[in-house]
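Fit chain B to the given chain A structure using the hints.
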Amino acid sequence: MRSKTSPDNAAAPRAGARLHQSDVSWITAAQVLIIILIITGMQVLNMTSGRLVMPAPADIWRQSIAMWGDGSIPLALGQTLGVLLLGFVTAAVSGVLAGIVLGGIPVLGRVFDPFVNALNATPSAAFIPLIIVWFGLYTEAKVALVWNAAFFPILISTASGVANANRDLIEMGQSFGADRRRLFWQVMVPDALPAILSGLRIGAAIAIVGTVIAELTMAQSGLGGLMITAGNRFQMDRYFAVVIVMMALGTALTAGLRWVERRFGQWRIAQAGGR
Amino acid sequence: MAPLITLQGIAKSFTAARIPALEDISFDVAPGEFVSLVGPSGCGKTTLLRLINGLITPDQGEILVGGKPPAPSSRLAMVFQSARLLPWRTVAGNIEFVLALKGMPRAAAAERARAILGAVGLRDYAGAWPHELSGGMQQRVGLARALAVEPEVLLMDEPFAALDAMTRETLRLGLMQMWSDRKMAVVFVTHDIDEAILLSQRVVLLRPRPGRIDSIVTVDLPEPRWQNDPRGLPAFGTLRRELWDRIHDMAREGAALEELAGVFGGSGTKGA
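Residue numbers (our numbering), protein chains in the order written: chain A, 1 to 275; chain B, 1 to 272.
Since the hints were derived computationally from the structure, they do not count as laboratory data. Here a beta-carbon is modelled for each residue, glycine too, at the ideal position from N, C-alpha and C. Incorrect hints may have been included.
Claimed, not checked - Taking CB as the label site, the calculated pair distances span:
#1 A:Asn164 x B:Ala115: 32 to 38 Å
#2 B:Phe14 x A:Asp168: 16 to 22 Å
#3 A:Val111 x B:Ser82: 31 to 37 Å
#4 A:Arg181 x B:Thr57: 17 to 23 Å
#5 B:Ile19 x A:Trp134: 53 to 59 Å
#6 A:Ile244 x B:Ala115: 44 to 50 Å
Stated by the list, open to error - In silico DMTMM-like links for lysine to aspartate or glutamate, alpha-carbon gap of 20 Å or less:
#7 B:Lys102 x A:Asp113
#8 B:Lys102 x A:Glu171
#9 B:Lys183 x B:Asp220
#10 B:Lys68 x B:Asp28
#11 B:Lys183 x B:Asp28
#12 B:Lys102 x B:Asp28
One chain only, chain B, in its complex shape:
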């Protein structure tokens, strides 16, 4: 299948710090594929997402989304770590906001907003204000807002990192279901290895300073995963070990060990 997103030799540095943030990043994302970007902080995961979104442009290399340089548009939709809802608009109003940016007429946008809120289980909250919702519900609105524009690519920047474990699990399940229904491509940034394996078909492991691709691991687990949780399978454990071995190698090879220990310390012991 022809790739939907192509990154070819991407480099990006920030002039303020004069530190290269990303170096020689190349990978593809197929239509409908779920790819996770995993790596410690400082490896430029978020920068990579912003590049794919077209919010910033690379210093070197080429990014193509659907054969064209990316521009913020309805082909792409971003879900952020915090929901980033407009607090002066209602839940439905927030979704209508992005639909209006797409040029959808008011009545159609209102209808679509209600439908999509139903799909994420928030039909009754259409008229509520964002601050009246819990963090998990706000994040579901953020997801609904992204889904409302029917993107070909969903870009997710650690969307569940700020939530408690139970809410995170519920939302992961919802995302897996949504993805198997709609089959849009997903580029999912996380620093939780288990989450990356659980959700994605391929895991792109990045190493920090400057951000480079360490390895790309294919996750071959039975689908649909929201129906049969793969976390108990031996294959899951094998993948986990493989990725952790890579990370430990990374540390031995001189990447800052403290940094990795700080970021990965929490997730290293659970779910084994």
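Looking at chain A on its own, in the form it has when it is part of the complex:
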């Protein structure tokens, strides 16, 4: 029997919602244990093979504090975030709009399909020389590279979401007299929202890769620049301190987008679980 539920406690089954509380704490314990094992392993490797092969975890910790304190990490993080967000936001806006157009107008979708696929399949690093010639070595060029990397996955996901919108719902809208414009914006595009959001999440992950590649291959800057400088000088503790920040940045960005995805796509996740 179903009981009355209000939207506030809609409690869509989350990824982990089906696990019991005891399972959750067990999983957390296992994860903490793995972290301890990794740190121990690093320590052992450091003691057996020297600090070039593996810096001591305590040194990485000290360097992290030093680099956050002297402003080198905050500065680099700011530069990286600037390039990443500019590139990702332009890719998101242009990719979603282009995807809606190509998905909503099947003829256009068919015409552009091979070109979109070809460009998407080309590694974004292949465009670096061209981007350098066109945009130089600084922020504009880096943003262009990030845009180029993230644009196509977002476009493809959006276009397929719109093109594959639920036929039954479209017919329902038609039978109640919805015109094409309203069918499009009030039925097809909302129905594609989960696909759009997962495209954005994939695009964000690729945008991070693109940002670091740009920072390494163009004018060195940001976290990528800081990382390669440390690496080239064999300052492995500094190098690790930067890598940890990158790791956290990527995790935070994808987790944030996953959260948005779940919020907006809640009905869909719940629906999939309920049927």
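Frame of chain A; chain B shown alone:
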């Protein structure tokens, strides 16, 4: 009474299969009349509904609704086999969606949605999401959505076929009540003979491949039927037998017997 819906010599085939789906279909529906279309699968019942709705146009013949060729509009409203609710809108939001298509201002639409939800017994669920409702409740929302536009014709495409027997019975009762209150015309597609007799004033029996009218049977049972269940009456049994005889004849005349047995097998034994 002048007919509200007129179908005259309708034919429709689908180019992909090159198989005629409907052939020479002619019948009328009077204002406020409840007509069922009954027949095995493959006889084009749903196609016929879509033609009346104006979602597709016939290859031959003429359909008039209120004297004009049909177009999806507020004169007509469809209830589908699955509720087809927009999952990103609340229950009330789904009803407001179709009212907005009609051009109703937001505040008035919200008020109407609440009123109509009250009429189908879902007042408390106005703010719920479709996925939070059971199948029967979703279907009631689908019905409420159709009623909200105050249609002259309610088109129903096997609306209770996917529900369990008890829910189906409750919703049938609700529909009968609603119909005797509002007296809109109903074109009801089903493959359940008992359901067709129970609900409708006339039953249009179709035969398959291509879909043609086999016979039109008038159901003369005392009204209102939601108050006195006609299923125990001798007249009900007679109608049942008459329709089943027609179906058996159909089978003998060469329409695919297996097809009929498959579709009608379940309902052939109950309610006698």
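### Query
If you draw a straight line from the CA of Lys102 (chain B) to the CA of Glu171 (chain A), is it 20 Å or shorter?
holds (16 Å)
### Verdict for Ile19 (chain B), Trp134 (chain A) (Cβ pair) under range 53 to 59 Å
holds (57 Å)
### Message
Given the hint of 16 to 22 Å, is the C-beta distance from Phe14 (chain B) to Asp168 (chain A) inside that range or not?
### Response
Given a distance of about 18 Å, which is inside 16 to 22 Å, the answer is holds.
### Message
For the hint 17 to 23 Å, verify it against the beta carbon of Arg181 (chain A) and that of Thr57 (chain B).
### Response
At roughly 22 Å between Cβ atoms, Thr57 (chain B) and Arg181 (chain A) fall inside 17 to 23 Å, so the hint holds.
### Message
Just to be careful, I want the Cα atoms of Lys102 (chain B) and Asp113 (chain A) compared with a cutoff of 20 Å; is the pair within it?
### Response
Answer violated: Lys102 (chain B) to Asp113 (chain A) is near 37 Å, above 20 Å.
#### Entry: Restraint check for Lys183 (chain B) with Asp220 (chain B), where alpha carbons must lie at most 20 Å apart
holds (17 Å)
### Task
Return holds or violated for the Cβ distance of Val111 (chain A) and Ser82 (chain B) against the range 31 to 37 Å.
This hint holds: roughly 34 Å between Cβ atoms.
### Message
Next pair to validate is Lys68 (chain B) with Asp28 (chain B); report whether the Cα-Cα distance is within 20 Å.
### Response
holds (14 Å)
### Query
Cβ-Cβ distance between Ile244 (chain A) and Ala115 (chain B): within 44 to 50 Å?
Violated, since Ile244 (chain A) and Ala115 (chain B) (Cβ atoms, about 59 Å apart) do not stay within the stated range.
### Task
Given the hint that Lys183 (chain B) pairs with Asp28 (chain B), test it: the Cα-Cα distance must not exceed 20 Å.
holds (17 Å)
### Query
Can the suggested window of 32 to 38 Å be confirmed for the beta-carbon pair Asn164 (chain A) and Ala115 (chain B)?
holds (36 Å)
### Task
Quickly compare the C-alpha distance for Lys102 (chain B) and Asp28 (chain B) to 20 Å and report which way the hint goes.
violated (27 Å)
Of the hints listed earlier, those the structure fails to meet are numbers 6, 7 and 12, in rising order.
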